[in-house]
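Asker: With the hints as your guide, set chain G onto chain C.
Protein sequences, first through last, are from chains C and G.
Each residue of the first sequence is one higher than the one before, counting from 0 in numbering that gives the first Met the number 0.
Each residue of the second sequence is one higher than the one before, counting from 0 in numbering that gives the first Met the number 0.
What the hints contain is simulated information worked out from the structure, not anything from laboratory work.
Glycine included, each C-beta is placed from N, C-alpha and C at the ideal position.
Careful: at least some of the hints might be erroneous.
[Stated by the list, open to error] No farther apart than 27 Å at their CA atoms in a straight line, the calculated lysine-lysine pairs in the BS3-like style are these: (1) G:380 with C:193; (2) C:114 with G:217; (3) G:11 with G:1.
[Stated by the list, open to error] The following residues of chain G were derived to be distant from chain C, with all beta-carbon distances above 12 Å: (4) 95; (5) 289; (6) 293.
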Amino acid sequence: MTEATLFTIVFGLYILSAFFYLGFAFTKKAGAARIASVLAWIGLALHTAALIVRTVESGHAPFTNMYESLSFLSWASVLAFVLVDRKFRIPKIGPYLMLVVVGLVALASSPLMPKDATPLVPALQSYWLWLHVSVTLLGEAFFAVAFITSIMYLAAKTPEKKAEMDSVSYRCVAVGFPLFTLGGLVFGMVWAYKAWGTYWSWDPKEVWSLITWFVFALYLHTRIVMGWKGKRSAIIALLGFLAALFTYFGVNYLLAGLHSYA
Amino acid sequence: MKAIIRFFSSVKLAIVLLIILAAASILGTLIPQGRGLEEYAARYGQMAGLFVKLQLTGLYHSVWYLAVLGLFALNILVCTLIRLGPKWRRSTRPDLGFEAKGVGAMKIRDKVRRAGAAAEGLPEIRRAFAAARYKVRTETRDGRTSLLARKRIWGIFGSDIVHLGLLVIIAGGILSGLTGSRENLSLKEGQTVAVPGAGFDLRLDKFSTEYYPDGSVKDWKSALTVLEAGRPVVERTIEVNHPLQHKGYRFYQSSYGWDWDNPAVLIEVRKKSDPAYLRTVKLRIGERAPLGDGEGTTVGVARFLPDFVLGDGNAPETRSLQPNNPAALVEGFVKEERVFSGWIFANFPDMDQMHKAKDSDLAFTLKSFDAGQFSVVEAAKDKGVALIWLGCILMMAGFGLAFYWPTWEVRAVVEDVQNKTDVTLGGLASKSREAFQAEFEILAASLRRSK
Numbered sequence: 000m001t002e003a004t005l006f007t008i009v010f011g012l013y014i015l016s017a018f019f020y021l022g023f024a025f026t027k028k029a030g031a032a033r034i035a036s037v038l039a040w041i042g043l044a045l046h047t048a049a050l051i052v053r054t055v056e057s058g059h060a061p062f063t064n065m066y067e068s069l070s071f072l073s074w075a076s077v078l079a080f081v082l083v084d085r086k087f088r089i090p091k092i093g094p095y096l097m098l099v100v101v102g103l104v105a106l107a108s109s110p111l112m113p114k115d116a117t118p119l120v121p122a123l124q125s126y127w128l129w130l131h132v133s134v135t136l137l138g139e140a141f142f143a144v145a146f147i148t149s150i151m152y153l154a155a156k157t158p159e160k161k162a163e164m165d166s167v168s169y170r171c172v173a174v175g176f177p178l179f180t181l182g183g184l185v186f187g188m189v190w191a192y193k194a195w196g197t198y199w200s201w202d203p204k205e206v207w208s209l210i211t212w213f214v215f216a217l218y219l220h221t222r223i224v225m226g227w228k229g230k231r232s233a234i235i236a237l238l239g240f241l242a243a244l245f246t247y248f249g250v251n252y253l254l255a256g257l258h259s260y261a
Numbered sequence: 000m001k002a003i004i005r006f007f008s009s010v011k012l013a014i015v016l017l018i019i020l021a022a023a024s025i026l027g028t029l030i031p032q033g034r035g036l037e038e039y040a041a042r043y044g045q046m047a048g049l050f051v052k053l054q055l056t057g058l059y060h061s062v063w064y065l066a067v068l069g070l071f072a073l074n075i076l077v078c079t080l081i082r083l084g085p086k087w088r089r090s091t092r093p094d095l096g097f098e099a100k101g102v103g104a105m106k107i108r109d110k111v112r113r114a115g116a117a118a119e120g121l122p123e124i125r126r127a128f129a130a131a132r133y134k135v136r137t138e139t140r141d142g143r144t145s146l147l148a149r150k151r152i153w154g155i156f157g158s159d160i161v162h163l164g165l166l167v168i169i170a171g172g173i174l175s176g177l178t179g180s181r182e183n184l185s186l187k188e189g190q191t192v193a194v195p196g197a198g199f200d201l202r203l204d205k206f207s208t209e210y211y212p213d214g215s216v217k218d219w220k221s222a223l224t225v226l227e228a229g230r231p232v233v234e235r236t237i238e239v240n241h242p243l244q245h246k247g248y249r250f251y252q253s254s255y256g257w258d259w260d261n262p263a264v265l266i267e268v269r270k271k272s273d274p275a276y277l278r279t280v281k282l283r284i285g286e287r288a289p290l291g292d293g294e295g296t297t298v299g300v301a302r303f304l305p306d307f308v309l310g311d312g313n314a315p316e317t318r319s320l321q322p323n324n325p326a327a328l329v330e331g332f333v334k335e336e337r338v339f340s341g342w343i344f345a346n347f348p349d350m351d352q353m354h355k356a357k358d359s360d361l362a363f364t365l366k367s368f369d370a371g372q373f374s375v376v377e378a379a380k381d382k383g384v385a386l387i388w389l390g391c392i393l394m395m396a397g398f399g400l401a402f403y404w405p406t407w408e409v410r411a412v413v414e415d416v417q418n419k420t421d422v423t424l425g426g427l428a429s430k431s432r433e434a435f436q437a438e439f440e441i442l443a444a445s446l447r448r449s450k
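Extracted from the complex, chain C is given alone in its bound form:
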């Protein structure tokens, strides 16, 4: 099966999963959540296959243009979600998270994104491409889950639900922050040193990942040292995700710089 066919099927599965999660949100029937979860897992498995097919066909890592990187980010977000759901049994974040995923996949499928696999420009021919991009996007996927739980914290009515969302948000940041630091900043610096001759150039994408890093550092310090939990913590996590989103997406379209590939 071709990558395009697989990707279309995955799109359908994610939509169905989001649909059943929404059904669960309205009816509170556990069966709906179970079906939705199974659909998400099957979608993830086929999405993994699609990424492998893409890699084999193009001969390089499946995140060298916007289409590929959106596909990978949505894959990472589903992965982060199923892992978080397995650990914390928290299907109620499912509807919102799967809607975000469906949005990402829809964006990737839109005609705005050229889907052709183009040969790698010289600067991208390095195994650091794998390490840098995959680890960074996985970190950002955990920020996305923290973003959803933070919004749900702000919208929650009962103290039990608030406590649950607050705790899951923190645990997601505790996974996402080290991954983002390792992939985005550390691996990014190592690769920049190999490719450009300097580990830091104050390129807008570098600066924005540093800003994202500052925001999550702020999150951890206010929370652990000053005991800010709950609302203020949720707002900082939310801002952190928006900064990560801008680093990922906005910088490419609004600011020019060295990271002009994707």
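Answerer: Structure of chain G alone, referenced to chain C:
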């Protein structure tokens, strides 16, 4: 002095500095950095002067941004040092509490009554903790034993190691800023240049460009030789992502270009009236070649432009140094008299409108050109890099300890009560409290079960 230390030990200061750094960094991505004065004047008008004065146009190297970074480093240093002493004491010479009340008042707590005397049961209690991989200390005073069992004590130093890593990274950055240098060396094939300040030379043996089947560039490669006192010591081919390292210098494939000053131009000449006539001439600028057309015409190339464009006053000039629209100015002479001249274009072979002094039957095509490429190799020296990598390793190790190596601590007071033993337990976890609570309950249950 105390006030200064208190000021720099505050986490509130860290938070304020993080906010300032984030806001200033955002500003620096909104204002293009390091451009020319004209560009700023065009963009910001009257405000341009103010921006330059406030160093907003080179923000990340401005005095004030570096000052905030400096304060931040000082803040991290003081915060870490002040917390380190008590933490170190806690890990090496912990206080053992003898008051059952104090232990029993901890958030996670339990009380176990066991058969037999305390002194007899103590080894078994110790074994129960050791079996769960706790390090146990006990001290007995006046018939009452205080026990402290801990695991993963390094976890409490996680944040300090992250901070140490950050300080090492900042130190590396300062060292890079003070000692680092980057210089572009342009080399034609066969050319040798002295690496500035290095005491050795670099020779380009061969420069090549590789293409994909679709015509896009796959790689640029420069075969380099390092020469010390004229003798070759290292030979290596560098490409993008694969620099050459020699004596503290690194050589990167940075860019390339063409030597447009004296290209060899290949021109095809035809005669409209005679399909059998075909000549190809290869000329450098200023050279002339006879055409053998029976009229004694000679042809020459007066100019060559890689990226032809009509500039001010319709004067031909080149837009860039890339061969996007190569064009040659061809001139024809008969006995030193110029009889025609005109531009011919490699991309537009049909456009050869000659300015003729007399009617000419000749048509010219620019077939190819050979300009000889040069490779741009960046010679970089940076002594701060080793510190950067060391700092990164420390920072990541610190994250591992801080997030995933939780220190767990159980305190117990063991005492005799009417021929039985009372064990008052209290627990403390730096992270993962739920998991700790579960383990604490299992430990308490195992103490209860054993005789």
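Asker: All hints are to be evaluated individually against the structure, with a verdict given for each.
Answerer: Evaluated hints:
Under the criterion of a C-alpha separation no larger than 27 Å, the hint pairing residue 380 of chain G with residue 193 of chain C is consistent with the structure, at around 13 Å. With a CA separation close to 20 Å, the supplied pair residue 114 of chain C and residue 217 of chain G stays within the 27 Å bound. Restraint check: the Cα-Cα separation between residue 11 of chain G and residue 1 of chain G comes to about 17 Å, which is no more than 27 Å; the hinted pair holds. Against the 12 Å criterion, residue 95 of chain G stays outside the reach of chain C, whose nearest CB is about 27 Å from its own CB.
Residue placement check: residue 289 of chain G keeps its beta carbon more than 12 Å from all beta carbons of chain C (closest about 45 Å). With a closest Cβ-Cβ approach of about 51 Å to chain C, residue 293 of chain G is found to remain outside the 12 Å limit, as its non-interface label requires.
Of the numbered hints listed earlier, not one is contradicted by the structure.
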